[in-house]
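Peer 1: Take a look at the letters that make up each chain.
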Amino acid sequence: MKKLLCIIFLFMASCASLGQPGNPSQSASPSFTLEFPEEWRKVTTGKYLMITRDGAFAQYILVQQRHVDQPFNHTKKKIDKSMLPQEAAGVILDEITSDRTVLNFQVLENLPAAVNGYNGFRLVFTYKIKGGYKFKTLYYGFLQGDWLYSLRYNAADDRYSDKDLETFKEVLESFKIRAAQSA
Amino acid sequence: MNKRRYFLLLLVICLVVGSCSTTPPPLPEQDLNAADDENRLWQRAAAEQAIFESSGIIYRDPALEDYLHSIADKLQPLDVLKKYNFRIRLIRDPYLNAFAFPNGVIYLHTGILSRLDNEAQLAALLAHEMTHCTHRHALRAFSGLKNQNSLILSLKQAVARIASTGDLLELFGTTASMAAINGYAQHFETEADMVGLQLMAEAGYDPSEALRLFEHLRQELESENLKEPFFFATHPQLQKRIENSKGFLERMNPPETQGIKNKEKFLGRIHRVLFYNASLDLKAGRFRAALRGAEKYLTLRKDDPKAYFLVGEILRQRGEEEDDLRAKDFYEKAIALDPSYPDPHKAIGLIYFKEGDWVLAKRSFESSLALSPHMHDRAYIRGYLQECSKRGTGQ
Numbered sequence: 001m002k003k004l005l006c007i008i009f010l011f012m013a014s015c016a017s018l019g020q021p022g023n024p025s026q027s028a029s030p031s032f033t034l035e036f037p038e039e040w041r042k043v044t045t046g047k048y049l050m051i052t053r054d055g056a057f058a059q060y061i062l063v064q065q066r067h068v069d070q071p072f073n074h075t076k077k078k079i080d081k082s083m084l085p086q087e088a089a090g091v092i093l094d095e096i097t098s099d100r101t102v103l104n105f106q107v108l109e110n111l112p113a114a115v116n117g118y119n120g121f122r123l124v125f126t127y128k129i130k131g132g133y134k135f136k137t138l139y140y141g142f143l144q145g146d147w148l149y150s151l152r153y154n155a156a157d158d159r160y161s162d163k164d165l166e167t168f169k170e171v172l173e174s175f176k177i178r179a180a181q182s183a
Numbered sequence: 001m002n003k004r005r006y007f008l009l010l011l012v013i014c015l016v017v018g019s020c021s022t023t024p025p026p027l028p029e030q031d032l033n034a035a036d037d038e039n040r041l042w043q044r045a046a047a048e049q050a051i052f053e054s055s056g057i058i059y060r061d062p063a064l065e066d067y068l069h070s071i072a073d074k075l076q077p078l079d080v081l082k083k084y085n086f087r088i089r090l091i092r093d094p095y096l097n098a099f100a101f102p103n104g105v106i107y108l109h110t111g112i113l114s115r116l117d118n119e120a121q122l123a124a125l126l127a128h129e130m131t132h133c134t135h136r137h138a139l140r141a142f143s144g145l146k147n148q149n150s151l152i153l154s155l156k157q158a159v160a161r162i163a164s165t166g167d168l169l170e171l172f173g174t175t176a177s178m179a180a181i182n183g184y185a186q187h188f189e190t191e192a193d194m195v196g197l198q199l200m201a202e203a204g205y206d207p208s209e210a211l212r213l214f215e216h217l218r219q220e221l222e223s224e225n226l227k228e229p230f231f232f233a234t235h236p237q238l239q240k241r242i243e244n245s246k247g248f249l250e251r252m253n254p255p256e257t258q259g260i261k262n263k264e265k266f267l268g269r270i271h272r273v274l275f276y277n278a279s280l281d282l283k284a285g286r287f288r289a290a291l292r293g294a295e296k297y298l299t300l301r302k303d304d305p306k307a308y309f310l311v312g313e314i315l316r317q318r319g320e321e322e323d324d325l326r327a328k329d330f331y332e333k334a335i336a337l338d339p340s341y342p343d344p345h346k347a348i349g350l351i352y353f354k355e356g357d358w359v360l361a362k363r364s365f366e367s368s369l370a371l372s373p374h375m376h377d378r379a380y381i382r383g384y385l386q387e388c389s390k391r392g393t394g395q
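Heads up: the sequence lines are chains A and B, in that order.
The numbers in the numbering used here rise by one with no breaks, and the one at position 73 of the first sequence is 73.
The numbers in the numbering used here rise by one with no breaks, and the one at position 44 of the second sequence is 44.
Hint data in this document are derived by calculation from the structure and do not stem from the laboratory.
Please note that the accuracy of each hint is not assured.
[Said to hold, decoys possible] A few chain A residues that don't get close to chain B, going by computed Cβ distances all over 12 Å:
(1) PHE32
(2) PHE36
(3) PRO37
(4) ASP54
(5) PHE57
(6) LYS78
(7) PHE105
(8) GLY117
(9) GLN144
(10) SER161
(11) LEU165
(12) LYS169
[Unchecked claim] In silico lysine-lysine, BS3-like type, Cα no more than 30 Å apart, as pairs:
(13) B:LYS328 with A:LYS81
(14) A:LYS76 with B:LYS246
(15) A:LYS81 with B:LYS302
(16) A:LYS136 with A:LYS78
(17) A:LYS81 with B:LYS354
(18) A:LYS78 with B:LYS333
(19) A:LYS76 with B:LYS328
(20) B:LYS390 with A:LYS176
(21) B:LYS354 with B:LYS390
(22) B:LYS390 with A:LYS81
(23) B:LYS354 with A:LYS76
The beta-carbon is built from N, C-alpha and C at its ideal position, and this holds for glycine as well.
All chains should be built: construct the whole structure from the sequences, respecting the hints.
Peer 2: Set out below in structure tokens:
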């Protein structure tokens, strides 16, 4: 029993902080729908949607929506709904680089991109956390009305795989905003 | 609990409640284990410093470090310098902070170095931190705590009071956390202030400049809306420290000649840090601090197009009334100084683009791409150009 609790605790801890620059969205009720394969487990707190196949420390897909007025944790910059995708991407990058627990941060890609018809941006970056663990993230984001939506695939550097990327692609293609929130 | 674990537990407690002792504790000579404890403290400090060095957060500039060491060398007699082998390191962090490890390694954030006006203020800061080492404040705090083992507080609770430094605890070790976040007990801070003033005065610096250092900290507190300062979390309240220092200065014999300030020399040595730190402030969304740093840099390097571009970026990203207009002026100055510099062309293009001036936006974006066809965000620029063409022709 003790061992099981320990595993649960470690799993929750890894979901909450490890390998995840930036914090989960505070949106109380996710207003989007998406599809994902059965072998991926859903971990949801009501504030964001996270799915993982082998545990969040190995890999996860995280989908969040955050209101533009919600402050970030590490930068005082704010998302403005009139921002261009490039500007919104810049704020996300500044939030991560201002987080002092994120080490050796490197941006590999920063490109305009669309998520199922919504114009936004695509980032690919790597970083380390204390202890030297390295992660790689593929991050899509876009602004829609008063909300910033983000979908990311994050994995330990040696677990980042084409197979997972295929799953992530399916998630992106199935992503839809519910009508009431899309305005 | 074995001795090592007992020591670590006590150390953690002492890091959290450094202010629990109200009278100076006995010096560690009265404690049979003091030498062992101090050795362990130094070993632990060295282990935490190794994490610092490999984390990518150290700002490396050998010439600047030489300069910082030259100031430190003026502040202490030779025997003390030999014993502690003081090393001054810079951390890439825009917040105002500085802290000393018990083994003589002193860390200054780029933020606090950038805020100083002259060498005398730097001397005040270094003398204060060096006094924490020479007066063995870490060990004395630890020794004092042994007699108060009922005081166990949550480290996280203590650190959570200081939002701007909370990350440090997670990233670094407990010795760093004590020095950087909690600070030392009030009487140790007072001692460091007073001894520091004496040291800087003896080295020939104008000790009244220490008051300006406090003033910078006060401004930081106000701009960050902090009730408890990071650098001085358990320090005496800032106003009390200022009054104590003023009283101490009045009691000091006035120097026969005016003390050294060395403003120009100091600013000349730190100009790169100023620029770098202003960029960090911009990323952190600390627009006022970023603007202050960038403008300070501009007074030193009036012909640097990158500085004009940086001020333009700060204004454009802040986005207050008239900021776009002012940003355009700075971008234009950057272009006038270096017509081949692509970034200000692109930034002006973004302003025109958002204003719906498709012709001028297109012209600016085309200029930036012509100057730098492989710029990292060329995909965005091409998208803007397509949009300009579409909108400009009414399609």
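Peer 1: Each hint should be assessed against the structure and marked as holding or not.
Peer 2: Going through the hints against the structure:
1. PHE32: holds, 25 Å
2. PHE36: It holds; PHE36 of chain A is separated from chain B by about 28 Å at its closest Cβ, greater than 12 Å.
3. PRO37: With a cut-off of 12 Å, PRO37 of chain A remains clear of chain B, as the shortest Cβ separation is near 31 Å.
4. ASP54: At about 25 Å from chain B, ASP54 of chain A clears the 12 Å cut-off, so the statement holds.
5. PHE57: holds, 16 Å
6. LYS78: violated, 8 Å
7. PHE105: violated, 8 Å
8. GLY117: holds, 16 Å
9. GLN144: Per Cβ check, GLN144 of chain A is outside 12 Å of chain B; nearest 18 Å; holds.
10. SER161: holds, 25 Å
11. LEU165: Correct as stated: the minimum Cβ-Cβ distance to chain B is 20 Å, above 12 Å.
12. LYS169: holds, 19 Å
13. B:LYS328 with A:LYS81: holds, 22 Å
14. A:LYS76 with B:LYS246: Since the Cα atoms of LYS76 of chain A and LYS246 of chain B sit roughly 35 Å apart, the hinted pair is violated (cutoff 30 Å).
15. A:LYS81 with B:LYS302: violated, 36 Å
16. A:LYS136 with A:LYS78: Holds. LYS136 of chain A to LYS78 of chain A sits at ~25 Å (cutoff 30 Å).
17. A:LYS81 with B:LYS354: holds, 13 Å
18. A:LYS78 with B:LYS333: holds, 28 Å
19. A:LYS76 with B:LYS328: Cα-Cα ~23 Å, so holds.
20. B:LYS390 with A:LYS176: Holds, at about 28 Å.
21. B:LYS354 with B:LYS390: Roughly 15 Å between the alpha carbons, so the hint for LYS354 of chain B and LYS390 of chain B holds.
22. B:LYS390 with A:LYS81: Answer holds: LYS390 of chain B to LYS81 of chain A is near 23 Å, not above 30 Å.
23. B:LYS354 with A:LYS76: Between LYS354 of chain B and LYS76 of chain A the Cα gap is close to 22 Å, so the pair holds against 30 Å.
Hint compliance for this structure: hints 6, 7, 14 and 15 are broken, all remaining hints hold.
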